[in-house]
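Listed below, chain by chain, are the residues.
Number of protein chains: 6
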Amino acid sequence: MATIKLWTDEEAAIVPAVKTVFEDIRATRKSDFVNNFWRALANQPRLLERTWSSVKQVMMESGVLDPLTKELVYIAVSTVNSCSYCVHSHTAAARAKGLSDEQYAEFLAVVGMAEETNSLANSMQIPVDREFLIG
Amino acid sequence: MATIKLWTDEEAAIVPAVKTVFEDIRATRKSDFVNNFWRALANQPRLLERTWSSVKQVMMESGVLDPLTKELVYIAVSTVNSCSYCVHSHTAAARAKGLSDEQYAEFLAVVGMAEETNSLANSMQIPVDREFLIG
Amino acid sequence: MATIKLWTDEEAAIVPAVKTVFEDIRATRKSDFVNNFWRALANQPRLLERTWSSVKQVMMESGVLDPLTKELVYIAVSTVNSCSYCVHSHTAAARAKGLSDEQYAEFLAVVGMAEETNSLANSMQIPVDREFLIG
Amino acid sequence: MATIKLWTDEEAAIVPAVKTVFEDIRATRKSDFVNNFWRALANQPRLLERTWSSVKQVMMESGVLDPLTKELVYIAVSTVNSCSYCVHSHTAAARAKGLSDEQYAEFLAVVGMAEETNSLANSMQIPVDREFLIG
Amino acid sequence: MATIKLWTDEEAAIVPAVKTVFEDIRATRKSDFVNNFWRALANQPRLLERTWSSVKQVMMESGVLDPLTKELVYIAVSTVNSCSYCVHSHTAAARAKGLSDEQYAEFLAVVGMAEETNSLANSMQIPVDREFLIG
Amino acid sequence: MATIKLWTDEEAAIVPAVKTVFEDIRATRKSDFVNNFWRALANQPRLLERTWSSVKQVMMESGVLDPLTKELVYIAVSTVNSCSYCVHSHTAAARAKGLSDEQYAEFLAVVGMAEETNSLANSMQIPVDREFLIG
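Residue numbers (this note's numbering), protein chains in the order written: chain D, 1 to 135; chain P, 136 to 270; chain V, 271 to 405; chain A, 406 to 540; chain S, 541 to 675; chain W, 676 to 810.
These are computed hints drawn from the structure, not numbers from a lab. Note that the structure is a prediction, hence the values are computed from the model and not measured. Honestly, I wouldn't trust all of these hints.
In silico DSSO-like pairs for lysine-lysine, Cα to Cα no more than 30 angstroms straight-line [as the list claims (entries may be wrong)]:
1. Lys596/S / Lys326/V
2. Lys326/V / Lys545/S
3. Lys19/D / Lys56/D
4. Lys19/D / Lys97/D
5. Lys275/V / Lys596/S
6. Lys30/D / Lys19/D
7. Lys367/V / Lys300/V
8. Lys694/W / Lys56/D
9. Lys367/V / Lys140/P
10. Lys30/D / Lys410/A
11. Lys731/W / Lys56/D
12. Lys56/D / Lys191/P
13. Lys232/P / Lys705/W
14. Lys410/A / Lys191/P
15. Lys165/P / Lys191/P
16. Lys596/S / Lys545/S
17. Lys705/W / Lys772/W
18. Lys637/S / Lys5/D
19. Lys5/D / Lys19/D
20. Lys461/A / Lys97/D
21. Lys275/V / Lys772/W
22. Lys680/W / Lys731/W
23. Lys410/A / Lys367/V
24. Lys596/S / Lys705/W
25. Lys596/S / Lys289/V
26. Lys5/D / Lys731/W
27. Lys154/P / Lys461/A
28. Lys326/V / Lys502/A
29. Lys545/S / Lys502/A
30. Lys680/W / Lys637/S
31. Lys154/P / Lys232/P
32. Lys154/P / Lys191/P
33. Lys461/A / Lys140/P
34. Lys772/W / Lys165/P
35. Lys694/W / Lys637/S
36. Lys559/S / Lys570/S
37. Lys694/W / Lys772/W
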């Protein structure tokens with residue numbers, strides 16, 4: 001159903017740049033599973049390398065936001081973008097990082113509330129209060 | 136610049152339904168400041184009441200997501216929707232709830248990364264892996 | 271603030287294709303006012319002609335939807351697209367076609383409700399019920 | 406395909422809050438059919454209750470917009486949001502409320518026209534005419 | 541899965557306006573294949589005629605942008621809109637017009653980069669530099 | 676109006692990571708002008724470095740798409756995202772790379788056409804033709 005080929009492990013093994021990223025995905029995640037997103041990006045090794053490198057830096061390095069918060073932000077973006085693949089993969093990732101049913105329920109309520117108030121603000125073209133401006 | 140009138144406190148004082156919500160906003164937030172969003176919604180008292188009631192339930196009741204996480208999810212939605220008012224007001228709210236510069240920097244990186252990978256998944260129409268499906 | 275020049279009446283008078291459309295806008299609307307949208311499109315006369323012709327056919331010809339309903343659909347689209355110009359111009363048009371404050375309040379509530387439920391359906395990736403499919 | 410479980414009637418019967426909403430949906434619509442949207446929301450009873458209560462108020466209470474107009478606005482929002490579930494369910498709802506093929510054809514033309522002119526306004530960043538501003 | 545009927549050639553043969561457009565699609569493209577988009581639009585002959593006429597003018601007339609560039613712009617829009625049908629049909633069209641794997645890889649990188657920087661600009665609400673303004 | 680501080684050259688001079696990127700921007704573009712986007716990103720040096728590095732790779736390295744085509748794709752994305760800053764800055768960039776008024780007119784027509792047909796495909800939920808699928 002994709003617009004491009006999804007690379008099998010056999011095909012990935014032949015191209016060193018792809019092989020290296022697939023191995024790093026497996027080592028980093030401690031799992032043999034390489035999901036379709038990376039198998040699709042394998043068609044363009046440089047994009048594959050840069051994207052994986054960025055995802056590792058942004059999503060996996062320890063920082064000042066906890067991993068679950070990052071996943072929730074990711075799903076929120078994916079929901080508004082109506083990206084079915086992204087919603088599925090990052091909801092799975094969030095569950096793997098401990099998202100409980102209660103947290104998911106609250107998260108859904110926040111996204112829905114944000115959408116509703118966004119549309120109200122956009123349709124009424126409400127001017128930004130001075131109190132919210134910087135500098 | 137709005138498509139409707141923004142209600143002053145004097146005008147709000149005359150309509151009981153609006154007066155009650157404005158007073159509850161002030162009491163709940165322990166601040167005299169009522170931002171333009173509510174002054175615009177005052178044109179439709181029922182929508183004002185239902186929206187304020189929902190926002191209180193979703194954003195302010197203690198639950199299983201911390202208040203700052205909720206604000207970050209809110210800003211993420213507002214960014215994708217390109218809702219200038221919402222981005223401004225909820226970024227201010229997030230700062231008031233303790234968002235540090237470092238956390239904001241990480242948050243921006245996550246939103247940007249999500250957008251980039253969303254577009255890659257959407258443009259290649261990548262099929263959802265079976266591993267991500269429920270049931 | 272535009273990315274292109276907005277044509278004055280003097281400039282429009284020199285290019286026959288633009289002059290003709292501006293005159294038709296004035297005659298059709300029975301008003302001397304030509305709004306900035308058409309002054310921007312004047313930079314590309316063929317696009318100006320095709321767009322004005324389509325808008326006249328879609329929005330102004332009498333059909334089976336009343337003119338106010340069409341404007342509400344238009345504003346709904348513009349709100350989701352976060353198109354400030356479009357929200358302003360079509361909210362003004364809707365008011366000129368009789369939109370009351372009560373109707374506008376109900377409309378805002380419907381758009382907000384649609385956004386909220388849209389995000390819930392998108393985030394949970396709810397499968398379409400067989401009952402909703404055609405054929 | 407959903408990211409969460411869709412509740413069966415048997416499961417709904419066990420949780421009073423869910424059971425009550427499902428019964429009210431059936432009574433209000435005078436139909437035994439409970440569509441997947443509500444079966445998904447059943448995972449979070451409070452969100453289910455608030456959403457159903459809001460939908461009833463906004464979409465079903467008699468007001469100053471007719472029910473079909475509200476559905477068309479709903480479909481317009483769902484189309485721009487690319488919410489497949491919402492487009493399907495509300496197009497079915499609109500047909501049930503009397504949407505004719507001719508009206509649907511006109512509606513599609515309006516949505517398409519709005520999208521086209523939205524993109525033109527957004528790409529040229531056309532400034533809002535003073536005539537469209539309030540106050 | 542559509543919300544409306546997709547017209548077969550037999551059905552199209554009965555309605556002159558539809559028959560004429562289908563024949564022109566085949567003649568213009570020098571192919572017997574009429575894709576589902578036009579079979580769906582056949583439900584509303586006037587919309588079918590206007591849309592086909594516009595597509596021919598915009599996408600097929602020789603102009604100052606090459607045909608492949610136009611298709612890339614089209615796919616970019618469709619990606620952001622999360623329009624699965626449009627992404628599929630115009631990626632196929634771009635390949636038919638000579639899009640190479642290397643060009644597609646670069647295109648994907650540009651779209652992804654644009655999305656990421658868009659979200660950064662929108663979330664920080666960066667003011668437009670004077671240098672970018674016209675006039 | 677931004678949600679964060681825009682760094683002056685004096686402030687940038689104090690932080691080595693920011694100073695280095697600002698100098699590279701000036702050297703790469705052969706211009707003293709550093710636009711607000713980078714002055715905003717300066718608040719988060721790692722994000723600044725990664726974003727500038729990616730933009731250089733994607734937009735400035737010679738490849739198989741010409742620079743103007745890349746800018747047009749960028750503006751198309753920014754238009755759909757309703758990102759005012761991005762539309763302004765990349766339209767200016769496209770003009771600097773030789774975009775003529777005639778090309779811009781054709782581009783606007785393509786984006787508008789894509790939006791219109793996207794909404795038609797999304798609202799009718801047209802199934803993808805088998806002919807467009809890969810593999």
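Query raised in the report: Within a Cα-Cα threshold of 30 angstroms, do Lys154/P and Lys191/P meet the stated pairing?
Result: This hinted pair holds, its Cα atoms lying about 17 angstroms apart.
**Report entry** Pair hint Lys680/W and Lys731/W, alpha-carbon separation not exceeding 30 angstroms
**Finding:** This hinted pair holds, its Cα atoms lying about 24 angstroms apart.
Query raised in the report: Straight-line Cα separation of Lys30/D and Lys410/A no greater than 30 angstroms?
Result: Distance of about 28 angstroms is within 30 angstroms: holds.
**Report entry** Distance restraint between Lys19/D and Lys56/D, which requires alpha-carbon spacing of 30 angstroms or less
**Finding:** holds, 17 angstroms
Query raised in the report: Has the given pair, Lys5/D with Lys19/D, been kept, meaning a C-alpha gap of at most 30 angstroms?
Result: Answer holds: Lys5/D to Lys19/D is near 16 angstroms, not above 30 angstroms.
Query raised in the report: Holds or violated: Lys410/A with Lys367/V, Cα cutoff 30 angstroms?
Result: Not satisfied, since the Cα-Cα distance of roughly 46 angstroms exceeds 30 angstroms.
Query raised in the report: Keeping to a limit of 30 angstroms between CA atoms, is the pair of Lys367/V and Lys300/V held or broken?
Result: holds, 14 angstroms
Query raised in the report: Is Lys637/S within 30 angstroms of Lys5/D, Cα to Cα?
Result: holds, 19 angstroms
Query raised in the report: Does Lys637/S lie within 30 angstroms of Lys694/W when you go C-alpha to C-alpha?
Result: Not OK: Lys694/W and Lys637/S at ~45 angstroms, beyond 30 angstroms, violated.
Query raised in the report: Can the restraint linking Lys30/D and Lys19/D be considered satisfied, given a maximum Cα separation of 30 angstroms?
Result: holds, 16 angstroms
Query - Holds or violated: Lys731/W to Lys56/D, with C-alpha atoms at most 30 angstroms apart - result: holds, 20 angstroms
Query raised in the report: Do the alpha carbons of Lys596/S and Lys289/V lie within 30 angstroms of each other, as the hint requires?
Result: holds, 26 angstroms
Violated hints for the displayed structure, listed by number in ascending order: 12, 13, 20, 23, 24, 30, 34 and 35.
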